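Novice: My request is simple: use the sequences and hints to build the entire structure.
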Amino acid sequence: MSKLLIIGTVAFDAIETPFGKTDKILGGAATYIGLSAAHFNVNSAIVSVVGNDFPQEYLDLLANKNIDISGLEIVKDGKTFFWSGLYHNDLNSRDTLDTQLNVLADFNPVVPQNYKDADVVMLGNLHPNIQISVLDQLTAKPKLVVLDTMNFWMDCALDELKQVLKRVDVITINDEEARQLSGEYSLVKAAEVIQEMGPKFVVIKKGEHGALLFNNEQVFFAPALPLKEVFDPTGAGDTFAGGFSGYLAQQGDVSFHHMKNAIIHGSNLASFCVEKFGTERMKNLDKEEVNARLQQFKMLTQFDIELT
Numbered sequence: 009m010s011k012l013l014i015i016g017t018v019a020f021d022a023i024e025t026p027f028g029k030t031d032k033i034l035g036g037a038a039t040y041i042g043l044s045a046a047h048f049n050v051n052s053a054i055v056s057v058v059g060n061d062f063p064q065e066y067l068d069l070l071a072n073k074n075i076d077i078s079g080l081e082i083v084k085d086g087k088t089f090f091w092s093g094l095y096h097n098d099l100n101s102r103d104t105l106d107t108q109l110n111v112l113a114d115f116n117p118v119v120p121q122n123y124k125d126a127d128v129v130m131l132g133n134l135h136p137n138i139q140i141s142v143l144d145q146l147t148a149k150p151k152l153v154v155l156d157t158m159n160f161w162m163d164c165a166l167d168e169l170k171q172v173l174k175r176v177d178v179i180t181i182n183d184e185e186a187r188q189l190s191g192e193y194s195l196v197k198a199a200e201v202i203q204e205m206g207p208k209f210v211v212i213k214k215g216e217h218g219a220l221l222f223n224n225e226q227v228f229f230a231p232a233l234p235l236k237e238v239f240d241p242t243g244a245g246d247t248f249a250g251g252f253s254g255y256l257a258q259q260g261d262v263s264f265h266h267m268k269n270a271i272i273h274g275s276n277l278a279s280f281c282v283e284k285f286g287t288e289r290m291k292n293l294d295k296e297e298v299n300a301r302l303q304q305f306k307m308l309t310q311f312d313i314e315l316t
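Each residue of the sequence shown is one higher than the one before, starting from 9 at the first, in the working numbering.
Treat the hints with care, since some could be wrong.
To be verified - Cβ pair distances, simulated, as ranges:
| # | residue 1 | residue 2 | range |
| --- | --- | --- | --- |
| 1 | Gln64 | Leu105 | 44 to 52 Å |
| 2 | Gln310 | Lys124 | 36 to 44 Å |
| 3 | Asn72 | Asn299 | 18 to 26 Å |
| 4 | Leu67 | Glu314 | 54 to 62 Å |
| 5 | Asp167 | Lys208 | 15 to 23 Å |
If you're looking for bench data, these hints aren't it; they were derived computationally from the structure. None of these values were measured; they are calculated from a predicted model. Glycine included, every Cβ here is placed at the ideal spot set by N, Cα and C.
Specialist: Put into structure tokens, the structure is as follows:
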């Protein structure tokens, strides 16, 4: 069985949207990635850090999803990373109300010995130096390294980010970030520029408008499934990344053909994530629901056409 190594935050979130608000709940990029990747037949492990205020029930949840948490450091007398955000009416824009790095400020990742030869590595959104540290600990070259990043690191750690880009196969970013990183408004041109920085594949997420996959001259577009209700977009991108990397780890094939299917699987799982606050929807999502919605994706995108 393939090994998937996941690096990212395990955190507390407090979220407010037009549909309600939460107190501190389970969040973090690695959490969403792990819960999403758990829907595939892979061995996965999370490398992250929490404080001793992190509840045992959350640790049990991850372990019960067959996620190896031996690389999840628990800092005695430390406090877990916390983020609070307010989403506007369109749910596409948000304000960060509070960010407390806490134990994340001094985080030095330690990759578990039995995952230093992971087949697929998913570098969740963190400081590029942490991502580099993880890659430096690997004892074998992975079949695939996927990077997720954001505009914050482009603003304050661009040189370090460019060093990471030289060592990854896939980057997943949104359209705004692709334009900032490349300096190009056209997403086609942006993808070309970013590929020259290192990644062979560029995935550009467009939220409710789907996702684009670029590899040299090959382009694939996957729509987002139209939903009746969207309560909370927090973690949707990470859930997408978990489905994307989990599917590819399960397949053991990183061709463009399988990348296209990975985009659909990632989009499918992300469509569940937004239906409830935080990780609530992902905690108990079953295979029947996932497969039924995959069929909806198939019906949404398949058609016959006659050329005259």
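Novice: If a hint holds in the structure, say so; if it doesn't, say that too.
Specialist: A quick look at each hint next to the structure:
1. Restraint check, Gln64 to Leu105: a C-beta distance of roughly 28 Å breaks the suggested window 44 to 52 Å.
2. The hint said 36 to 44 Å for the Cβ distance between Gln310 and Lys124, and at roughly 42 Å that hint holds.
3. The given range of 18 to 26 Å is respected by Asn72 and Asn299, whose C-beta atoms sit roughly 21 Å from each other.
4. Distance hint for Leu67 and Glu314: a CB-CB separation of about 57 Å, consistent with the stated range 54 to 62 Å.
5. Between Asp167 and Lys208 the C-beta distance comes to about 22 Å, which sits within the given range of 15 to 23 Å.
When each numbered hint is compared with the structure, a violation occurs for hint 1 only.
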